[in-house]
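Throw the hints in and build the complete structure from the sequences for me.
Spelled out from the first residue to the last, the chains are:
Number of protein chains: 2
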Amino acid sequence: MRVLIVEDEKKVAGAVRRGLEAEGFAVDVALTGTDGLWMATEHPYDVIVLDIMLPGMNGYRVCEQLRDAGNWTPILMLTAKDGEYDHAEALDTGADDYLTKPFSFVVLLARLRALLRRTGRARPVVYTAGNLVVDPVTHRCSRGDVEVPLTAREFAVLEFMLRRAGEVVSKGEILDNVWDFAFEGDPNIVEVYIRHLRRKLDEPFGKQLIATIRGAGYRLDPEGG
Amino acid sequence: MRVLIVEDEKKVAGAVRRGLEAEGFAVDVALTGTDGLWMATEHPYDVIVLDIMLPGMNGYRVCEQLRDAGNWTPILMLTAKDGEYDHAEALDTGADDYLTKPFSFVVLLARLRALLRRTGRARPVVYTAGNLVVDPVTHRCSRGDVEVPLTAREFAVLEFMLRRAGEVVSKGEILDNVWDFAFEGDPNIVEVYIRHLRRKLDEPFGKQLIATIRGAGYRLDPEGG
DNA sequence: GCTTCCGTTCAGGCCACTTTCAGGAACATC
DNA sequence: GATGTTCCTGAAAGTGGCCTGAACGGAAGC
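These protein sequences, in sequence, are chains A and B.
Heads up, the first sequence is in the working numbering, so the first residue is 1 and it goes up one at a time.
Heads up, the second sequence is in the working numbering, so the first residue is 1 and it goes up one at a time.
Derived from the structure by calculation, the hints contain no laboratory data.
Here the structure is a predicted model, which means the values were calculated and not measured.
Check before you lean on any hint, since a few could be wrong.
Listed next, with one range per pair, are the computed distances between beta-carbon atoms [what the hints assert, rightly or not]:
| hint | chain 1 | residue 1 | chain 2 | residue 2 | range |
| --- | --- | --- | --- | --- | --- |
| 1 | B | G56 | A | T151 | 18 to 26 Å |
| 2 | B | G130 | A | E42 | 49 to 57 Å |
| 3 | A | H87 | B | G130 | 37 to 45 Å |
| 4 | A | T41 | B | E223 | 21 to 29 Å |
| 5 | A | T151 | B | D221 | 45 to 53 Å |
| 6 | B | E147 | A | A69 | 23 to 31 Å |
| 7 | A | N188 | B | E203 | 19 to 27 Å |
| 8 | B | E203 | A | R199 | 57 to 65 Å |
| 9 | B | T151 | A | S170 | 51 to 59 Å |
| 10 | A | W38 | B | A211 | 30 to 38 Å |
| 11 | A | P124 | B | E147 | 55 to 63 Å |
All residues carry an ideal CB built from backbone N, CA and C; glycine is no exception.
Shown next as structure tokens:
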């Protein structure tokens, strides 16, 4: 699954790149609009993440020129929060979806997945760990035969940890991935949600799914505890 | 099932393309009349969606030339609401059906299906979920033996959710698919229609067909509740 | 022209969820 | 074992997503 990221902010581009590579995507990055346009025409990608504010040629023009050339690779546009650049125009120029900055990585990933699914390029994803099954498409979570209702945030945290099953994941990483990049709150919020997940997924079943690695973070047992 | 879309508005072309691909169609897009004419003559399509207002050669001429050349692929014409371009002329030049802009995706899909059925290229479709049966052709909906009268919008919302039965569908997706592409109103309208459907399909039968997934959207139970 | 039905908007209210907070437990370090 | 740090945990506060009834305007039918 090949992704092209066209984004001039190196910090954002890097973060997205690492995240997507960890997800098994093959990632290319272009730092300018002209580079992005060239790469998109020269190589086949499954999806393109395209910032609007770019040096040289802005995202609208890149999108427009690709479409004019008959290239209909799905495009996810990144727009800033405040006016000047507009969502409507993004869609007018042929983008498939847009995301307002600041955004969290899981949201980006979810939108990317949705895009790939809608365009029939991706097979559905289901996460499992032992008898734990989590399906982002139907938004269902079950342990064995028992369905466990989760809230949106709980679901997002669990989904992220499942993608990193077996690894130690720091609170900072969870915050960066599940909450907005701009989130400025207390990291304790992560502890709170881990608590919620444990209460719903561990205690009723007498298994410990999520272990605390003191001083480092948390680790989800790929065997389901 | 191969479809050619001839439409210069990239937003519309893209949206229709995605929707049809998700329905299992193979879709090509042409952004100008001349391109469209060329593609239609070079490749065999099962149906053509043809906008009237096009740069270069307008839809009437494209249609006319195709028919003159002995190409009788079914054509669905897209006409603007106000005068200037006329429905009658569309049919005169050899189109099989027309649709007035702005339109919603489900309506387009329905007309396309009808066209394919009339020309003997497609088998009829009926949606079911448990004892719920919805027939887009006769526009009927019944729960068990009881026929449930639905308005046009209610029907469209239900049909869309049935096509995505079991999946979480966001309000935005429902809006994009059931309302005009140009619709700029309050997403609350979706809540209102979910309410209507529940009142007609859930309450009288004591079953919950549509579940609210807070923060994500709605999910129709493929088992019918 | 009148009535009825439908689509849409609006505003009030509720409650699930998110987030904050503060006290306490567990652990590490010296 | 004293001290400090990290994490756990329950409860409270605040937000906002969703529900719902009603009202408005327009279109279609009589």
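- Satisfaction of the hinted span 51 to 59 Å by the C-beta atoms belonging to T151 of chain B and S170 of chain A: 53 Å, holds
- In this structure, is the beta-carbon distance linking G56 of chain B and T151 of chain A contained in 18 to 26 Å? Violated, since G56 of chain B and T151 of chain A (Cβ atoms, about 53 Å apart) do not stay within the stated range.
- Taking the beta carbons of H87 of chain A and G130 of chain B, is their distance inside 37 to 45 Å? 38 Å, holds
- Message: Just to be sure I understand the hint, the distance between the Cβ atoms of E147 of chain B and A69 of chain A should be within 23 to 31 Å; is that true here?
- Response: Violated - the Cβ-Cβ distance for E147 of chain B and A69 of chain A, about 51 Å, lies outside 23 to 31 Å.
- Confirm or reject the claim that P124 of chain A and E147 of chain B have a C-beta distance inside 55 to 63 Å. For E147 of chain B against P124 of chain A, whose Cβ atoms are near 34 Å apart, the range 55 to 63 Å is violated.
- Task: Note whether the CB distance of N188 of chain A and E203 of chain B lies within 19 to 27 Å or breaks it.
- Result: 43 Å, violated
- Between W38 of chain A and A211 of chain B, does the C-beta distance stay in 30 to 38 Å? Since the Cβ atoms of W38 of chain A and A211 of chain B sit about 47 Å apart, the hinted range of 30 to 38 Å is violated.
- C-beta pair E203 of chain B, R199 of chain A: status relative to the range 57 to 65 Å that was hinted: 33 Å, violated
- Evaluate the given range 49 to 57 Å for the C-beta pair formed by G130 of chain B and E42 of chain A. 50 Å, holds
- Task: Take the C-beta atom of T41 of chain A and the C-beta atom of E223 of chain B, compute their distance, and say whether it sits inside 21 to 29 Å.
- Result: This hint is violated: roughly 47 Å between Cβ atoms.
- Message: Within 45 to 53 Å: is that where the Cβ-Cβ distance between T151 of chain A and D221 of chain B falls?
- Response: 20 Å, violated
Hints 1, 4, 5, 6, 7, 8, 10 and 11, counting from the list given before, are not met by this structure.
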